[in-house]
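Colleague: The opening position of the sequence shown corresponds to residue 934 in our numbering, with each subsequent residue numbered one higher.
Treat the hints with care, since some could be wrong.
[To be verified] Per label pair, the in silico range of CB-to-CB distance:
| # | residue 1 | residue 2 | range |
| --- | --- | --- | --- |
| 1 | K975 | K1042 | 19 to 27 Å |
| 2 | E1123 | I980 | 24 to 32 Å |
| 3 | K1138 | P1092 | 37 to 45 Å |
| 4 | N1005 | K1102 | 19 to 27 Å |
| 5 | S1153 | I980 | 35 to 43 Å |
| 6 | K1102 | N1043 | 41 to 49 Å |
| 7 | E1123 | K1049 | 33 to 41 Å |
| 8 | K1138 | Y1000 | 35 to 43 Å |
| 9 | G963 | N1121 | 26 to 34 Å |
Worth flagging that the hints you see were computed from the coordinates, not collected in a lab.
Every residue, glycine too, gets a C-beta built ideally from N, C-alpha and C.
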Amino acid sequence: MKILFFLIFSVIFAKDKSWDEMLLYNASFGGVDVATATLKSKKFKNIQNQDILRIEFKAKSKPSLKYIFPINDKIIIDIDLNTWQPLKVDKKIREGGYKQNSISTYNHKNKMFIYKEDSISYDGEIFNPYSLIYYFRTLDFSSDANYEIQVVDNKKVTPLKFFADKKVKIKTVLGKFYANKIWPKKMNGEPFKNAGKITMWISDKDKLPIIINLKMKFGSLNLELAKIN
934 MKILFFLIFS
944 VIFAKDKSWD
954 EMLLYNASFG
964 GVDVATATLK
974 SKKFKNIQNQ
984 DILRIEFKAK
994 SKPSLKYIFP
1004 INDKIIIDID
1014 LNTWQPLKVD
1024 KKIREGGYKQ
1034 NSISTYNHKN
1044 KMFIYKEDSI
1054 SYDGEIFNPY
1064 SLIYYFRTLD
1074 FSSDANYEIQ
1084 VVDNKKVTPL
1094 KFFADKKVKI
1104 KTVLGKFYAN
1114 KIWPKKMNGE
1124 PFKNAGKITM
1134 WISDKDKLPI
1144 IINLKMKFGS
1154 LNLELAKIN
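Turn these sequences into a full structure, and let the hints guide you.
Modeller: Structural data, given as structure tokens:
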């Protein structure tokens, strides 16, 4: 399916939704609860009168496990709600011995972005992995749906095809939900390496990201929604 159709639909949906919320997650690695995570969003207008969605993701090890599973991540993304493309991404990543501080800024008119000191050009539209969580919340899924999307992470742009599995019942600490699993494949057929893969389960009724699986430097971190503020 063409991305343009869904962009038009999502813009209409987003204008009627404040997106002011904080989602709290239990984070597990290999079935062990190792961290807590929050996904916070707020809509505002910038000085150019653009509708902006600011997304803030934080993940931090539980005090008793910070030496065994050291995680302390903070990512802030500003998204243009008229296009769902990123305007700025600020990362502070601490995952074991891996550390990253970076800022990316985007000029979509000229089809280029700056990551640290590198200038990278691209074609078409590009989307941030965390903004996709909110973008997919605007959609109604069918069993044969797929979405061709270019995802940018750091300075790499990867063409992906996302699939929506038939909704299933899942059980969480908040109760039982019917949810669609949204998962990606690389367009070139190559496997994901190191990090960058995101899989999510979006509830059918309330469009909540009930479960989010993130492939990180040290492995896969599984987030399960525990509280909504």
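Colleague: It remains to establish, for every hint, whether it holds in the given structure.
Modeller: Hint check:
1. K975 <-> K1042: 19 to 27 Å: With Cβ atoms ~25 Å apart, the hint holds.
2. E1123 <-> I980: 24 to 32 Å: Distance hint for E1123, I980 is violated at roughly 41 Å.
3. K1138 <-> P1092: 37 to 45 Å: violated, 31 Å
4. N1005 <-> K1102: 19 to 27 Å: violated, 34 Å
5. S1153 <-> I980: 35 to 43 Å: This hint holds: roughly 39 Å between Cβ atoms.
6. K1102 <-> N1043: 41 to 49 Å: holds, 47 Å
7. E1123 <-> K1049: 33 to 41 Å: At roughly 25 Å between Cβ atoms, K1049 and E1123 fall outside 33 to 41 Å, so the hint is violated.
8. K1138 <-> Y1000: 35 to 43 Å: holds, 41 Å
9. G963 <-> N1121: 26 to 34 Å: holds, 29 Å
When the structure is compared with the earlier hints, violations turn up for hints 2, 3, 4, 7 and for no others.
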